[in-house]
Amino acid sequence: MEAIYLLFILLLSIFVGFELIQKVPATLHTPLMSGANAISGITVVGALALAGDETLGEYAMYLGAFAVFLATINVVGGYLVTDRMLAMFKKKK
Amino acid sequence: MTSNIDLVINFTYVISAALFIFGLKLLGHPSSARKGNLVSAVAMLLAIVVTLLDNNIVNFQWIAIAMLAGAVVGFFAARLVAMTDMPEMVSLLNGVGGLASVFVAWATIQSGAGLTAFILVVTFLALLIGGVTFSGSIVAWAKLSERITGRAVTFSGQAIVNVIIVLAIIATGYAFVAQPEIALTSAQVLYVALALSLLFGIMLVLPIGGADMPVVISLLNSYSGLAACAAGFALQNNILIVAGSLVGASGIILTNIMCKAMNRSLSNVLFSGFMPVHKSDMVIEGEVKPLSADDAFYVLEAAQSVVVIPGYGMAVAQAQHVMKELQLQLEDNGCEVAYAIHPVAGRMPGHMNVLLAEADVSYEHLFEMDDINKRIENFDVAMVIGANDVVNPAAREMKGSPIYGMPVINADLAKNVFVLKRGMASGFAGIDNPLFFKPNTRMIFGDAKETLGNIVKQFND
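Sequence lines, in order, name chains A and B.
Mind the numbering: the first sequence is residues 1 to 93 in the working numbering, read in order.
Mind the numbering: the second sequence is residues 1 to 461 in the working numbering, read in order.
Keep in mind that the hints are not guaranteed to be accurate.
[Said to hold, decoys possible] Heads up, simulated EDC-like pairs for lysine to aspartate or glutamate below, C-alpha to C-alpha not over 20 Å straight-line: (1) B/K415 / B/D370; (2) A/K91 / B/D6; (3) A/K23 / B/D371.
Treat the hints as calculated values from the structure; they're not laboratory data.
Excised from the complex, chain B in its bound form (with noise of 0.2 Å):
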């Protein structure tokens, strides 16, 4: 059966494969990054293109018109999208790549040809895997954009009408493989099954609150790719397979790099929402002690050390450009300055390296957590920005508290703590935190941007 134009077409994907992951390995280092991005490109054209030789595909047509919409449609996107706006962005390429693999399964059924129970089983899954990553991305992308509410959305009997749609979603599953030729007769069965794999996916995401979402965008990255990973199973098709699987373990490190940055498991974070909440008898209270942009500046003019720790209000202050007005400052000035990032800071893995480096900060400033920690006591001055559960020392030092034993920025043992922050509201996740009493940090309340605005102004001045 195989001509010669299949083995033409496996080969090239072969060697496809060999350019994804060699894309990935360049990918890491931010020196050869975007060279590996184009490595991977190049991958994917040339398996879409020799896709197009194979001779079953006759009609042109409607795949041309398919394509450029396709194209024009993502070019647009890519190109308009705001830097701050990425971690919606990312959610909303996770659903339109979960859609097309539920598309891919669904036509999968309707073409009806040769469908083993294996091949069954696959295409259940992966229009399974893609409708949950669709809907539940879509949830996560309206939390971002605060379209609907950020906090946890839950209600009581949410456990239960979950254990029931699984166990609905188990009995269509059945039935679809155990007698397919009602599946494939009547599209009832395939309605349902993605009907209730959507609910789910809305099910899964709602629950979750909007300090959590880093975690669910790296889940549902990693489903996106399982789900591809199902379709190829379904058309045994191996370059689907391979690049699915890469893309799903890839979404699986992240997640489980984000869960580890927040000491907790994934099925904590997943289903946090439904437990009762955490009602701490510790009660943390202090003097706060404000200080103005004025008198910061003179703490910074005279400092010769300043690490910067940003946080998801930086990202909605838009304060990351005139940071760096104020880094330049201060370099002039002589002082050093380094930016500390937390690996949950902002709302997605990474979130606070992308909106420093479209603010011109150099990679080679950002610091991770730990090489921060371990120097953290020699830094004149710690400034907090929009950042407060990362910076929070209640996760190590109050046993209790929600957050105890999350990994956090020690901002608190520098020898001044600036905080710059709008009120004083708690932090996402609803816990007082404790730094801001400690007798070295100052509050500065006020928009981050207008803040480091007149602290620029007094350098310039």
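Isolated chain A, as found in the complex (with noise of 0.2 Å):
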């Protein structure tokens, strides 16, 4: 059941994914991508629960580990730089 469950929550979401960035003018879609990029580190928090966890042995903790490094340069690295390029988007004085 527990995948039902996921696969539910799967088919919302991109329905809502679609509805929304359907509206996003092409003006904003570099930002968009690197905004997306940033989302996507969310995986962070997948790789956080890997990490921490001492009954899952050492060889997998590491691996965890790294993958939060990895993740986590997205999430940084992503909101960042969309910020520095939104910045920049002006309306003329």
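Combine both chains into one complex, guided by the hints.
Structural data, given as structure tokens:
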């Protein structure tokens, strides 16, 4: 049953994603991509659970920690570079 | 089994998901986009902090080191990257995201605890999609930064090799899920699967030419989300699924927009490298009429309205800042200046918009293709800066041209057309451009930055 619940969540969020992103104007497509990059860094949440759980064995923890490192690059780099770009989008004075 | 802490964590994930969605909604308009990004970042912070409360997480040593190191790398990458290198940056971020999912999947398998068939399937998917995303993004990055050739790389038998790889992946996947005890005890199956997915990513992107990069980057963006999504299934984690599928949906929509803008199907973009080169019998000939920057100045001085059509060449020449100077000069002179942006101009979706924003051009001056085409006849001058295929009238009037049917900006319908170009090479698609031979077209050869600089100088004098 768990799998079915998860599929429900997947289905609904894909629909929400389609609805929302269709409305993003072409001007913002690059920041949208880098922002999406940052969001895909959500993997960090999964990686954290693996990196800190000693019952999983040392090897799994090291792999998890490396995943934390990579996903954090995505999160921090993605949000900062998106912010840097969006700060440049100005109206005319 | 669910303790109070688990409840708190999952409830916070719900809030976090709502904030992600709200952030994306705010991203729908340039004036609120920055706030949207911030909301999304808060959602991420919330999800990370609350995850650390998990009772199972007992060892924080490696987590602290990994997060700190990742934050430092991310911070400097984001601060130091030049705006012109944004396509490369996004490619690399796609790749890093994919690799993170690979390691999450790998760690899940290594932990070996309570792996049902369903979890094995999704873990294998996370590994596969993550691997393809990573190696594909690295190839895309190498192409974009011209570390390898930007042209489509093909060899004979490539299609057969690809089919073999796909079959091998399916076989590995079957072995993985059907006989998990082998997969879990000996790591060989895992390594083979990983190697195959990496190889497949390389093979997927190699045959795609530089002009099709906007499609590839969007697609890889989508994959990086789907990989996170698959990892979410593997770990039974709701927030990973929600956030991952939002990214997946975003990438798919962008891919679709890019394909439509080129009047091609996704499979055509992905596999056209294998098809025989289209030889057109049509000869596009005519006389090219060159113009000096000095003469261009006199026409621009008299012009009432100018539309600027930038392409990848503007990014290469770094001409956006001097173009902004020229825009100010023209406006002082009582001339209306508009920028027409083709969806696939440049190397990624929205590439030109970012460059012009960097040069302080207001987004209210930027117009989409359809808006400009409606009134292109009214413009005195259309200035084409480093664009080629996106202004090619062959797409409109020459049946049989490889780009026939692609929506283009009808620059040739403006009263005068100035094409700023290095020399007489054909565009990235290797198609001759009849625009260059039109009676109202003048070619201004040379580096776009220098040419525009000369015209600005004339205005100053």
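So, going through the hints one by one against the coordinates:
1. For the suggested pair B/K415 and B/D370, the alpha carbons sit about 18 Å apart, so the restraint of at most 20 Å is met.
2. For the suggested pair A/K91 and B/D6, the alpha carbons sit about 45 Å apart, so the restraint of at most 20 Å is broken.
3. For the hint linking A/K23 to B/D371, the alpha-carbon distance of about 17 Å falls within 20 Å, and the restraint holds.
Hint compliance for this structure: hint 2 is the single one not met.
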